[in-house]
Amino acid sequence: MSQLHFLNIGTSIFYEELKLQNQKVSQVNWAPLAGGDQSLIEALDFLSQDERVKAANEKAINIVLSGHPYLVDMGLAKDMIEGFHENLILYAGPPIRWDQMCGPMQGAVIGALLYEKKANNAEEAKALAASGQIEFAPAHHYNAVGPMAGVISASMPVHVVLNKTFGNKAYCTVNEGLGKVLRFGAYDESVITRLTWIEEELLPVMKATVLSYEEGIDLKSLIAQALQMGDECHNRNKAATSLFFREVVPAILKTPFEKDHLERVIRFIQNNDHYFLNLSMPAAKSIMEAAHGIPYSTLVTTMARNGVDFGLRVSGMGKQTWFVSPANFVEGLLFAGYSDDDANPDLGDSTITETCGIGGFAMGASPAITQFVGGNVEDAMAYTYSMFKITMKENASFALPALNFVGTPTGIDVIKVVKRGILPIINTGIAHKEAGIGQIGAGVVTPPMQCFNQALKACYKQFKEK
Amino acid sequence: MHHATNVFKNRYIDSVSLMSLAAKVKKQEGVFEVVIAMATDMNKAIISQVGLSNSEVEQTSVNDLIIAVIAISEERVNEAFEHIEKQLSGGSKSTSSSATEKVYTSIDDVLEDGLKPDVAIFSIPGQYVAREAMQALKEGMDVMIFSDNMSIEEEVKLKQYAFEHQRLVMGPDCGTAVLAGVSLCFANEVRRGDIGIVAASGTGSQEVMVQIDRLGGGITDAIGTGGRDLSLAVQGLMMREGLRRLSESDETKVIVCVSKPPAKEVREMMIQTLKGIAKPSVICFLGNKEITEDDGHLHYASSLSEAAYKAVRLSPSFKGTLPAFEPLRLETQSSGNQHFVGLYCGGTLCYEALDQLSPLGVIKSNLKHDEQSIHDISGQHHILLDLGEDEFTNGRPHPMIEPALRNNWIIKAAQTPSTRVLLLDFVLGYGAHPQAVEESLDALKEAFKLAAHRRFDVVAYVCATDKDKQGLHTSVSALESIGVHTAISNLEACKKVAYLMKEGT
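Sequence order for the protein chains is A and B.
Each residue of the first sequence is one higher than the one before, counting from 1361 in the working numbering.
Each residue of the second sequence is one higher than the one before, counting from 43 in the working numbering.
Please note that the accuracy of each hint is not assured.
Said to hold, decoys possible - Under the rule of at most 30 Å between Cα atoms (straight-line distance), these lysine-lysine pairs were calculated in the DSSO-like manner:
# : chain 1 : residue 1 : chain 2 : residue 2
1 : A       : K1419     : B       : K180
2 : A       : K1793     : A       : K1540
3 : B       : K406      : A       : K1817
To be verified - Covered by chain B, according to a simulated footprint, are these stretches of chain A (three or more residues, beta-carbon under 8 Å):
# : segment
4 : 1363-1375
5 : 1383-1390
6 : 1393-1405
7 : 1579-1593
Claimed, not checked - Not the full set, but computed from the structure, chain B residues with beta-carbon under 7 Å of chain A:
#  : residue
8  : F50
9  : S59
10 : L63
11 : S95
12 : S97
13 : V99
14 : E100
15 : I166
16 : Y170
17 : A172
18 : L340
19 : Y342
20 : Y541
The hints are simulated quantities; they were obtained by calculation from the structure and are not laboratory data.
Where a beta carbon is used, it is the ideal one built from N, C-alpha and C, also for glycine.
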C-alpha cells in the first residue's frame, strides 16, 4: 500500500507524533477564517463559488495585464484633466472634508491656494479653504493620483499618461524632490517659487520633449527595466529615473530653448531620485482604471490614503464607492531626531503602485530598499511571494531576476485577502504630522483589514441580489 | 500578590499548545495563576472570574491572544511573561524557519501547493470544524475530528456526505485511530495483524488493541467514529462505513466493534450489518446487560479484555495458545465504610470499571448522567471519575496530555480516611504525555505517606505496549518501586480492586 499523506490542522502535538512515525504529514497552523466572523464566512463561501465572479475577475485581470501606459503629453491640470475648474483642489486618498484633513494635507492646500494666488498668506488661505468656495475632491475621481498629500490645483503642470490598449488617461503632477515640498505640506516661499519654476521653465521644455515622441514614452517598458535594476518603483525610483533621464536628455537638447534653461531642467531631473515616482504612479493608475467597473469583479482597483483614512475601490462596485477605515501608522525607520510621535498616519495615492503589483509587491526585486524600510533581503523576497496568495495572476511583463524571473503578483482580490487574512504590503515614506516638515522616515505598512471586510460584505450584498 | 494582563492583537495559536504552556508556567515557583488563551467569550469569562479582566480584554476578538498572570511578586509576573513570550516566539520560529517543512495557514493553501493529502486531522475549535471538514471531504480526504463541540446537525450532515462518497468522518471528539498501521492522535504502537477495529470510544479502542497485542495478536486498522455515531440521530453512519472498509480489506480477517451501549434500533442495524459480512466479528457494547450467545459468526464480549481475547482466538494468523479467559464475577456486597476511588484519564476505561465494579455498592461517578457534578471526595461512597470530561479540564488540557491535573485528586483521595483502594489508569502511547507515569510519582509517594497509618492500596493499570515510546516496562517498574500494584489490563485492575476491598482492613 502506498504511503498515506496526512494533513494536520491544529495542534502541532499530533503533527509531531506522525513525524515520529516517519509519516508524510503537512501542518496547517490554522486560524479562524475571517476572524471567525460568520457573516464574512458566508460572503466568502458565496463569492468564492460564484461563476460570474470568476469570469468577471478573469476579464478584469486580463485588462490589467494588457494595459500599456505611455507618457503622451504635459500641461496645466485645468487644461488637461476633464472637468477641472479654477476652484477645484484634488487631494490624495478617499473623500475627506477640509476640517478633517491631516496636517500635511492642510499645509499642501494652503500652499496650492498661495500658488494659485487666491490668497496672500496662510491665514487667508485657511479662511478660503473653510469658506465653501473651494471644491475639494479625491484625485482618483478625476483619474489623477498624487504622492503624499497629493494636492493638485488648476495651474499645476501634470503628466498625461495614456493606456494605449484601452484609450484611457491618467494624470499626476511633477515630483518636486525631497525636503520642504508641497506634498509634505510645506508652503513657504521656497516651495511656491519651485512650483512656479516648474510651471514656467520645466513644463515648456518637458512638454516639447514629450510631444517630440511620435508614440509617447513607453512607461511600461521603463518600469519593467527598472524592476530588473533594483527599483520597486514606489519607494525606490533611482534606476527608473536614470533610465528616463537617459531616454529624454537627447530629446530635451533638441527643444528650442536656451542652453542655460535646458541645463536647469536637466539638473532638476538629475538631482531628484524620485522624479519617476510621478510617472510610475499615473502609469499604474491608467492600468488599474481600465479594469474598473467590471460587474461582479472583486478586483481592487484603488488603494489610497488621505492621512486619516485608508480607502479601497473595487472593480465591480461603483466608481465613487469607497471602503474606508482609519489608516495605520507606518512601521519602519525614522531619520535621526524624529520619534514615532512625530509620524502622520499612512498618506498618499502612491499605493496605486501596489494595487498594480509593483512597489511593496515587487520588494523582492529591490534588495537595496529593504534596509531603508527595515528588514533584510529574505524578508523582501518573502513579501513578494506572500502577495501571490492574495493576487489573481503573475505579471509576466514585470519579471524579477532575483526571484528566478517570476512576474510580479498582480491584481488584489478582495476575496483572497479576507480568506487568507493576509494584507497587501505597502512600501512607503513617513510624513511628519505637522505641515511642511517633510519626510521623516520610511517603512512598511498595510491597509486596515476592515476596508476589505466592508468591501467583501458589500460585494456579497450587491452580487447576491442580482 | 501581583498580576498583569496583556493582549496581543491578531495572534492566533491553537488552544492545546496554549493550555500546555500555561500548565508549565503555572508550575514555576511563586506563580499562582496563568491564563494563556485566545479571546473567545468562554476564555474571557474565565479571565474575568479570576479577576484578571480589564477594558482591553473586553474589546478583544477571537483572533487576539490574552496572557494573564498572578504571582507572588512583580518580578515573578515579569519572569512568567518573558518565559511565555520566549516559548511562543520560539515555537513559531522553529516551524517556519526550516526550509524543507512548509507550514500552511489553510486547506486552500495546501491545495494551491499542488498537494493531495489522504487524511485530514482536525484539532481546532469545534464551531469552525464543520466547514473545514466538508472542504476536506470534498477534496477526497478522510477526516478525523479530535475537536468536540460540534452540533449534532453538523455531524449528521458531514457523515451523510461522507457515507454517500465512501469517506470517513472519524469524530467529532474522536481521539484514537490507526490507519494502515499509522497511529493518529492517541493510539498505541501495536503489532500489525489481521484484526480490524471499529470503535465509538477512544480509550476503548486503545485497550482492545493493547490487549490484542499482549495476547500475541495484531491489528490492521482501528477506525474511530466518535461517541455519538451510534445515536438515533447519526444512525451509525460511520460505524457502517468503517465496517464496509474492514469487510473489503484483504488483510482484515476478524472484526471488532466497540461502543458504549448504542440506541436499540441502531444496535440492531449494526448486528444485521455484521451478519451480512463474511468475516467473523466480536461485538463489545460495554454495559449491555442482555446476554447474547455467540453463534459462530457473531461473538459477544462484556469487557474490552474479553473482546480482545475472542478476537485473537478467531484470528487465523494467531498460532500461539491462549490461557482461559476469566471474567470478573462479583457477588453483590454492601460497601461498609471502606471505599475505592478510581481516578481515570481514559473515559471508556472508567466506564468499563463502573460496569465491572458496580456490584460492590453505590458508586458515584460523573459518567452517570443523572448525578450532580462531583467536586470532592466525600468518603461516603465509592467514586469513579473520568477526569477527561469538560467539567474537570475546564480550559486545561486533557489529563492524557497533562497528567498533573490528576495529582490534586490523588492527594484528596489519600486524605480521605475511608479510601481503602485508589485505582488509576495511565494511558501511554502516541499523543500522551512523554512521562505520564513520572508526573504522578511524587503525588503517589505523598499519598502513601498520608495514609501510612491505615490500610491503603493503589492499583494502577498502564495501558501501553512494550513498543510505546514511554516504555511499558519502565513505567510499570517505576510504579511498583513505590508500592503500587499494577495490572495487565483494566479488567485485571478491577479484579485487584475487588479483591482488596474484600480483604478489607
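**Hint numbers contradicted by this structure** = 3, 7, 8, 10, 11, 12, 13, 14, 17, 18, 19, 20
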